[in-house]
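Trainee: Using the hints, put the two chains back together into the complex; each one sits in its own frame.
Chains as they are written, first to last, in the numbering used here: chain A, 1 to 324; chain B, 1 to 253.
In short, the hints are calculated from the structure, not lab data. Misleading hints may appear alongside valid ones.
Claimed, not checked - Here are the computed lysine-lysine pairs in the DSSO-like style, where the Cα-Cα straight-line distance is at most 27 Å: (1) B:48 - B:201; (2) B:164 - A:12; (3) B:201 - A:139; (4) A:293 - B:164.
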Amino acid sequence: MTGDILVLAEHKNGVLDNITWELIGKGRSLADQWGTRLALLLAGSELQTLINSVKSSGADLVLTVQHSLLKDYHAELYTAAIAQVCQRFNPSLVLMGYTYLGMEIGPAVAVRLGGTMVSNCSELEADGEGLLVVRSVFKGTLQTKLRLVGARPHMVSIVKGVLPRKALAARDATVQSQAIDFDSRTLRSRILEILTIDTGGIDITKAKILVSAGRGIGSPEKIQLLRELADALGGELACSRPVADMGWLPFAHQVGISASTVTPDVYIACGISGASQHVAAMRDSGRIIAINKDPSAPIFRVAHYGIVGDLLEVIPALIKQARA
Amino acid sequence: MNIIVCTKAVPGFINKPSVPETHDRVNYEAGSIVLNESDDYALEAGIKLAKKTGGRTIALTCGPLSVQKVLQTGLGKDADAALRVDANVFEPAATARALAAAIKKQDCDLVITGVESSDVMAAQVGISVAEMLGLPFAYAVTEIQPGEREKTIRITKELGFGKKQVEELDLPALVCFQTGTEPPSFVPVRKMMLAQRKPIKTITLPELGFGRQPLSIEILDIFSPNEAGLAEIIGGDPATQAAVVMQKIREVL
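For reference, chain B alone in the conformation it holds in the complex (with noise of 0.2 Å):
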C-alpha cells in the first residue's frame, strides 16, 4: 500500500502576531518549529502500514523553505521520501486545494492526515482535500489496519461520548489520524542527521497549475482574547489562594 502522510509544521510558541494589509494570512515571529502532534500519529501510522503491506511512504507539506524540518523528521521516523509543496498560504481551502494538486500526481492508495493544526486550529484541510479528489474518508482515526477485503482498509474512529465506529473503506482513500494511546517515537539524532542528508523533492503553485488565488476569508484582526476573561484571578500566596479556593468551593456544596 503506497501512502502518503500529509504533516504540517506548526510554531512551538509565537510572539507579536500582526496582520498584513493583505489580510491574507497572521505574521508572527516563531519561538519554535515542531512537527503538528496529531500529523506526528499519522506519519507513525502510516509508515508502520506501508511497511506491513509493502509499499511506500511519502511526508508531504505545503510550505516555505524554512517548514522543512517536518520533512527531515518524517525522513526520520522511515517515509521513504519527502515532497514539499512550495507555497506560503494560510487559508485552509487554499492549503487544502494544493495538497490536492500535489497528491494526484503521485501513486498512491492511502492519503492519511492529522486531524487538527495547532496554528490555525481550522480542522478542515483532510476532509477538504478527500472530496477534492473524491476518495472516501473517515475523521478522528484511531487505528488502520488492511482490510479483509482486496483494496479495503479497516478503520477504527472515534464518534464521540466514548464511542467508536469500525469502517471498512474502498481504496484509495483518505483519513484524518487522531492522537492516540501510542505515542509517537523520538528520532534519534544519528538517524535525523543521515536524514537531513537526503532529497527533499520540492513542487510549485505554478508547476501545479495554480495562478494568483481569490481569498475567500479576510482576516481583519488578531488578538488576545484574555481581556474578555471570566475568571477572577486569586492572588497571595499558595496557603492564602487555598484558603480562598475552599472557601469557594463550600460556598456551593
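Here chain A stands alone, though its shape is the one from the complex (with noise of 0.2 Å):
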C-alpha cells in the first residue's frame, strides 16, 4: 500500500513557481496510479492569495504553514516546519524542486524523517508501488536509470522545466492549517540582511536575442567575437555561470538558477556545457542554438539546432552573415 504524495510549494511574491505547478502534474498522475491522495504543502506568511490560486489546481488537499517567523526564506525554520508536516502527514512520497529550496532543505528533512533522497532527477515514473528516476550523471553526459529501494519517505527533487505542466481536472481542495511547533529563542542561525545584486542597468531578460558565452570560449578576448556577433543580430551578450565567476563578464549577464532566468526569441549558446542549473533558466527560449566542440554536451539536449564546431572558426561566419 502506498501512502499519500506532498508537493513543496515555492512560492515568491504570491505567485507561485512554474515548478510546483509541474511537480502537481506528476504528482497527480502518480496518485491515480496508485489510489492515493496528493497534497501541496504552502509554508510562508501571508497565504491567503496563494490558497486561493491553487485550491483548484489539482490537489486532493492543501496543507498551510502560516508564521510571521517564515515571511523571509529561513533554512533552519523552513526545515524544521517542513519535517514536522511530514512526521503527521506521513507521506510516502515528496516532491520538491531541484532548487536552492530543494538543495538546501531537502537533504535535511530526508535524514530528520528517516527517509530515501534521490535528487537532481529529470523523470520520474511509478514501478509497480514504487518508483524509477533517471538523473545525470558525470557532468551531464550520461544518465542513471534508479530504482528508490530504501526507507519512506521517499523523497525526489526534480529539475525545474522537464516537466510537462499539464491542464489538470479542477478539484475542490480541503485546506488544513498545520500548527507548527517553533521557539525563536533556540535559533542557531538569523537572518542578517538580503541583498539584491546591482546589476548596474543591464537587463538581459528583456532582450529578444541573446549571444551567450560559456567556459568553452576559452579566453576572455574571444568575448569580444561574441559581443561583434551581439551586435550584428542587434541582440545583447549573455553568460554562464564560470564566465562570471572568472570575471569575463558582469554579473549583470549571467543566465541561471543564481541570476536571472531568460526567454528571449533567439538564444545563441557558444561554449556552454550545459549544466542543469543554466539549462533550467533559458530553456524556454524561443529558439535555442548550441555551438559546441564536444557532441556529447548536455546543451545539444535541449538545443533545436546545433553546430558542432569550433567557435573561432562558426562565429565569424556568423557575423559575416548577420551584417550581409
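Mentor: This is the structure we're talking about:
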C-alpha cells in the first residue's frame, strides 16, 4: 500500500513558481495510478491569495503553515516546518524542485525523517508501488536509471522545466492549517540582511536575442568576438556561471538559477556545456542554437539546432552572415 | 577556528561506464582524477579562515587509496592535516554517514563542503552531514567571516534570482561553498612535492562503527542521453552552417 504524495510548493510575491505546477502535474498522475491523495504544502507568512489560487489546482489537499517567522526564507525554520508537517501527514513520497530550496532543505528533511532522497531527477515513473527515476551524472554527459528501495518517505527533487505543465481537471481541495512548534530563542541561525545584486542597469531578460558565452570559449578575449555577433544581430551578451565567476563578464549578464532566467526569441549558446542550473533558466527560449566542439555536451539536448564545431570558425562566419 | 573541509576526487572524463550486478555503483575508467571544483573553493575559504582565526584545517575525503591526490592538493594549499575515510561508496547517503562519523571524532568548529560533485551531481552530501551531526547549515555560500559575536560566523549565501542573504550561524556549523569570483590558486610543483611527503591518516568504515550497509537506491542502468537529443545538427563548412543558422533566426524574428 502506497501512502499519500506531498508536493513542497515554492512561491514568490504571492505567485506559485512554475516548478510547483510541474510537480503537481506529475504528483497527480502518480496519485491516480496508486489511488492515493495528492497534497500541496504551502509555507509562508501571508498565504491567503496563494491558497485561493491553488484550491482547484488538482491537489486533494492543501496543507498550510502560516507564521510571521516564515516571512523571509529561513532554512532552519523551513526545515523544521516541513519536517513537522511530514511527521504528522506521513507521506510515502515527497516531491520538490531541484532548486535552492530543494538543495538546502531537501537533504536535511530526508535525514530528519529517516527517509530516502534522490536529487536532480529529470524523469520519474511508478514501478508497481515503488519509483524509478532518471538523473544526470558525470557533468550531465550520462544518465542513470535508479530504483528507490530505501525507507519511506521517498524524497525526490526534480529539475525545473523538464516535466510538462499539464492542465488538470479542477477539484476542490480541502485546506488544512498545520500548527507548527517553533521556539525562536533556540534558533542557531539568524538572517542579518537580504541583498539584491546590483546589475548596473543591465537587463538581459528583455533582450530578444542573446549571444551567450560559456567556459568553452576558452579565454576572455573571445568575449569581444561574441559581442560583435550580438551587435550584428541587435542582441545582448549573456553568459554562464563560470564566465561570470572568472570575471570575463559582469554578473548582470549571467543566466542561471542563481542569476537571471531568460526567454528570448533566440538564444545562441557558445561553448556552454549545459549544466542543469543554466539550462533551467533558458530552456523556454524560442529558438536555442548551441555551438560546442563536444558532441556529447548536454546543451544539445535542449537546443533546437546544434553546430558541433570550433567557435573561432563558426562565430566569424555568423558575424559575416548577420552583417550581410 | 578549527575547520574540516570535505573534498572529493572526481574524474576529469570517463570511459566505459557500466553498472555491476550489485547495482550499487557505476564502474568506469577515469581519464584523470581532479579535485571537485566547488571543493577547491571550499578548501581555499577554509584554509584562509582558519589562518585568520588562529585555527587548524583538516582536509577530509572518503574514497579508496587512488583518490589520495586530492588530500595532497589540500596539504599543498596549506591544510594542516589530511584524513581519508577508506571506503568505496557511491550513494550520497552512505558517503554522508561515513563523513559525519569521521567528523564526529575530530575537534572542529566549522565544516565546509562544496555545493555539488561533478560526478554524482546530487548536491546532497553536505547538508546531510550537517543534519546527521545536528549542525546549523547554509547552502551556496560565497563568503565566510568570523561573526561579530563569539562562537559565530557571518556568511553570505545565494538565494537565486540575483539575491543573496547574509546570515549569522552559531558554531559549530556546516556550510556548502559555491564557486565564486576569487579563483582558487594553483599549488606550485615544489609545494606539491613537499605535500606528497606529508602523512595522510586513514580510518576505515569498521573503525567508524559501520558494518555492511543496505542500499537505499539501486542503480539499474547508465546510458548516453544524446540518442534522445532534440537538436537538429547543422553540418557543412562554417559558411554553410552560418547561412542555415541565420535563416533559422530570421524565421522567428
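Trainee: Decide, hint by hint, whether the structure agrees.
Mentor: Each hint tested on the structure:
no.: 1; hint: B:48 - B:201; in the structure: holds, 22 Å
no.: 2; hint: B:164 - A:12; in the structure: holds, 15 Å
no.: 3; hint: B:201 - A:139; in the structure: violated, 30 Å
no.: 4; hint: A:293 - B:164; in the structure: violated, 34 Å
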